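What follows is each chain in one-letter form.
There are 2 protein chains.
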Amino acid sequence: MEISQFPQINPPHRLLMGPGPVNADPRVLRAMSYQLLGQYDPAMTHYMNEVMALYRGVFRSQNRWTMLIDGTSRAGIEAILLSAIRPGDKVLVPVFGRFGHLLCEIARRCRADVHTIEVPWGEVFTPDQIEDAIKRVRPRLLLTVQGDTSTTMLQPLAALGDICRRYDVLFYTDATASLGGNTLETDAWQLDAVSAGMQKCLGGPSGTSPVTLSERIVDVIRHRRRVEEGIRTEAHRDGSDEMIYSNYFDLGMIMDYWGPERLNHHTEATSALFSARECARLILQEGLDNGITRHKLHGDALLHGIQAMGLETFGDLKHKMNNVLGVVIPQGINGEQVRKLMLEDFAIEIGTSFGPLHGKIWRIGTMGYNARKDCVMTTLSALESVLNYLKFPTTQGAAMQAAWDHYCAMDRH
Amino acid sequence: MEISQFPQINPPHRLLMGPGPVNADPRVLRAMSYQLLGQYDPAMTHYMNEVMALYRGVFRSQNRWTMLIDGTSRAGIEAILLSAIRPGDKVLVPVFGRFGHLLCEIARRCRADVHTIEVPWGEVFTPDQIEDAIKRVRPRLLLTVQGDTSTTMLQPLAALGDICRRYDVLFYTDATASLGGNTLETDAWQLDAVSAGMQKCLGGPSGTSPVTLSERIVDVIRHRRRVEEGIRTEAHRDGSDEMIYSNYFDLGMIMDYWGPERLNHHTEATSALFSARECARLILQEGLDNGITRHKLHGDALLHGIQAMGLETFGDLKHKMNNVLGVVIPQGINGEQVRKLMLEDFAIEIGTSFGPLHGKIWRIGTMGYNARKDCVMTTLSALESVLNYLKFPTTQGAAMQAAWDHYCAMDRH
Chain A
1 MEISQFPQIN PPHRLLMGPG PVNADPRVLR AMSYQLLGQY DPAMTHYMNE VMALYRGVFR
61 SQNRWTMLID GTSRAGIEAI LLSAIRPGDK VLVPVFGRFG HLLCEIARRC RADVHTIEVP
121 WGEVFTPDQI EDAIKRVRPR LLLTVQGDTS TTMLQPLAAL GDICRRYDVL FYTDATASLG
181 GNTLETDAWQ LDAVSAGMQK CLGGPSGTSP VTLSERIVDV IRHRRRVEEG IRTEAHRDGS
241 DEMIYSNYFD LGMIMDYWGP ERLNHHTEAT SALFSARECA RLILQEGLDN GITRHKLHGD
301 ALLHGIQAMG LETFGDLKHK MNNVLGVVIP QGINGEQVRK LMLEDFAIEI GTSFGPLHGK
361 IWRIGTMGYN ARKDCVMTTL SALESVLNYL KFPTTQGAAM QAAWDHYCAM DRH
Chain B
1001 MEISQFPQIN PPHRLLMGPG PVNADPRVLR AMSYQLLGQY DPAMTHYMNE VMALYRGVFR
1061 SQNRWTMLID GTSRAGIEAI LLSAIRPGDK VLVPVFGRFG HLLCEIARRC RADVHTIEVP
1121 WGEVFTPDQI EDAIKRVRPR LLLTVQGDTS TTMLQPLAAL GDICRRYDVL FYTDATASLG
1181 GNTLETDAWQ LDAVSAGMQK CLGGPSGTSP VTLSERIVDV IRHRRRVEEG IRTEAHRDGS
1241 DEMIYSNYFD LGMIMDYWGP ERLNHHTEAT SALFSARECA RLILQEGLDN GITRHKLHGD
1301 ALLHGIQAMG LETFGDLKHK MNNVLGVVIP QGINGEQVRK LMLEDFAIEI GTSFGPLHGK
1361 IWRIGTMGYN ARKDCVMTTL SALESVLNYL KFPTTQGAAM QAAWDHYCAM DRH
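From first to last, the protein sequence lines stand for chains A and B. The opening residue of the first sequence carries number 1 in the working numbering; numbering runs sequentially from there. The opening residue of the second sequence carries number 1001 in the working numbering; numbering runs sequentially from there.
One thing to keep in mind: the hints can contain errors.
[Said to hold, decoys possible] Computed Cβ-Cβ distance ranges for the label pairs, DEER-style:
#, chain 1, residue 1, chain 2, residue 2, range
1, A, G287, B, D1219, 13 to 23 Å
2, A, T378, B, E1229, 31 to 41 Å
3, A, A53, B, D1162, 37 to 47 Å
4, B, T1293, A, D219, 20 to 30 Å
5, B, R1222, A, D132, 49 to 59 Å
6, B, E1229, A, D132, 18 to 28 Å
[To be verified] Under 7 Å between C-beta atoms, here's a sample of chain B residues computed to sit facing chain A:
#, residue
7, N1049
8, A1053
9, E1118
10, T1270
11, G1397
Simulated from the structure, these hints should not be mistaken for laboratory data. All figures in this text were calculated on a predicted structure; none of them were measured in a lab. C-beta atoms are modelled at their ideal positions from N, C-alpha and C, and glycine is treated no differently.
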């Protein structure tokens, strides 16, 4: 290996308009370039406490245990599932896309007894459908996805908390793709656990996963407590319940690290924490609701533009996430060729899809730092150019006009 | 919560001379501030391939499967242990400090049958001691720590590969604290798996963990293969062995993501990958052996200075890691008061210790970007000032002169 073949990093410019990751806010990238701190430096633990407070704001929760898991969004999911599910526990997963399957997959690795209900991709569940399944299955946990980017659908969650309390079910949602761009009310909706990711509406790089835990689920986790040898003292007592089958994802240990005892566990990923702090700070500075409105504004402008281009959209638009749109690849058009031309000639990335939708839809995101008018207009214009180049006919100017009209109409509100 | 109480990030200046994290190389911090790429962008997958090649150089290995685990160093440990250990498998852990206990702890969470041998903290094992234990226990895996910062000891590993082959044992080492600052020869020593962390000798922020896997251990992992629903196709076959009880740490899936199939798993932590790439690039640019020599030079200069200050060191100096020194806290001196004065008045962090050594030794690191003459001289000078201030007598100028003498002597070589 010749080291001179590896120059300084220099990624090409890209406008990331897929289902995420999207471009990070430059202020977030800058926050990551600050020098490190020791993990027990008072300045560091102060930043950790600030991150807890800021994410309570983002999750709309008073939960004491609101913190970061050092890994990508599925690390947050797995930490919650491994810590809450004991082998043999019954869980219910309403599956409406690929990430519902992921919850099943992770729950099976936790040796749960996994039960599912399914709707066709492009739809969501009614509360009644979920309540019926809960009555039938009697699960210990309900595992939901709030926004499944594979189908672009947003599962309504507001009514599910009451149902879960009625049947004594712990209520979790994976808000990786939805948080910050769609309403999520952790406390008002009586969620027991929520996990998120940075690279979607939160506007940062993937690599750390914010989670929040209700007292109810913390109690379950505390009953599985084990403190590792080497740092264990005589004052530490084991919990009465079965241990958690992971050290890295043991939320009890992670709480002890974020809490006043500051028991050594992992070495907090300082740069990722700095980035997560800046993401939350920028979101709350804008106002969480203002940010959600912004996601809806630009998501709708994209939708109107795409429709006026003569393209069909995917799924039930009443339940579409604000931040991503499924666009049906028209007959006679090679979807991958379009993505390649978009990337190579316009430096714009749009997404493909998974499983049953693979090769059938593109997914276009408007989220985080890229939930902006210029991103929407640039993407629509480039996509129309590429489609025209490939002989797909559109009405000249109609798509752009529809987007402009939407912006004007919203401006008058 | 009033968002104006959360200003832009502005960590205080610190010189981090503890057992890690240490200050990151500014070029590494800069690499993290680059804009993101989509995870299947050819520019991104090219960087992933480059990272594999660069870490082959750092690990001194031809192993194809050399990649990053998205989490801190213990994520790398846990990914290897969870993927290689089946419930009930016998493992042998030679424990010579806190991080040996951590391997036991993680192995127990994998439901291994854990056997240990121990030496007092401050010592290491002879190959014979380990061979005897292997003969007695007949483990499937030998789990070792190369450098245990809790005791500052470096376990010699060169002779263990042959022993492991002889008894058909898989050979793993945790090189979190040692890699880059001490010799590690993955292939020559016949290691089957090694994991590392960024925040020690590699000079980056914690948050991603480089690992390398031999063909022998890859074969074990491949027999446990499962591909998740939602991206599984008819061409995918399950392995014949028991599944891995984690999705996030399933090295089979992680290989499929880093390999030519690029099967979707997590969303690679792009900024962490950029930082890891820059760390390896800088190490190989300096020359891995030159970097190790540099760690030894500055580690020894610190040692000579500390001894000339009239302080005792901890543990068997023949087996000390190059990059960290245990210093016995002298009678009548409050160790925490010294650390506080160092931090508050000199902005220098030195470390405390764990378990039986808590309150008994300080740990002073010279590693990564901080394996530098100015760091050593500044730290010695500040420590002497603080000790004098607290009425601990030293011979004026002796510590600094001893360090200078060592640098001069080495310069003449």
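These are the hints, each one checked on the structure:
1. Between G287 of chain A and D1219 of chain B the beta carbons are some 54 Å apart, a value that contradicts the proposed interval 13 to 23 Å.
2. Look at T378 of chain A against E1229 of chain B: about 36 Å separates their beta carbons, and that is inside 31 to 41 Å.
3. Checked against the hint of 37 to 47 Å, the C-beta distance between A53 of chain A and D1162 of chain B comes to roughly 55 Å, which is inconsistent with it.
4. With their beta carbons about 54 Å apart, T1293 of chain B and D219 of chain A fall outside the hinted range of 20 to 30 Å.
5. Range check, R1222 of chain B to D132 of chain A: about 42 Å between beta-carbon atoms, so the 49 to 59 Å window is missed.
6. Roughly 23 Å separates the CB atoms of E1229 of chain B and D132 of chain A, a value that falls within the hinted 18 to 28 Å.
7. A distance limit of 7 Å between C-beta atoms decides the matter here; for N1049 of chain B the minimum to chain A is near 11 Å, and the interface restraint is violated.
8. Below 7 Å, beta-carbon pairs count as interface contacts, and A1053 of chain B has one with chain A at about 6 Å; its hint therefore holds.
9. The interface hint given for E1118 of chain B is broken, as the beta carbon of that residue sits about 11 Å from the closest beta carbon of chain A, more than 7 Å.
10. The beta carbon of T1270 of chain B is positioned within 7 Å of a beta carbon in chain A (closest approach about 5 Å), and the interface hint is therefore held.
11. The criterion of a C-beta within 7 Å of any C-beta in chain A is not met by G1397 of chain B, whose closest approach is roughly 30 Å, and the hint is violated.
The structure fails to meet hints 1, 3, 4, 5, 7, 9, 11 from the earlier list, while all remaining hints are met.
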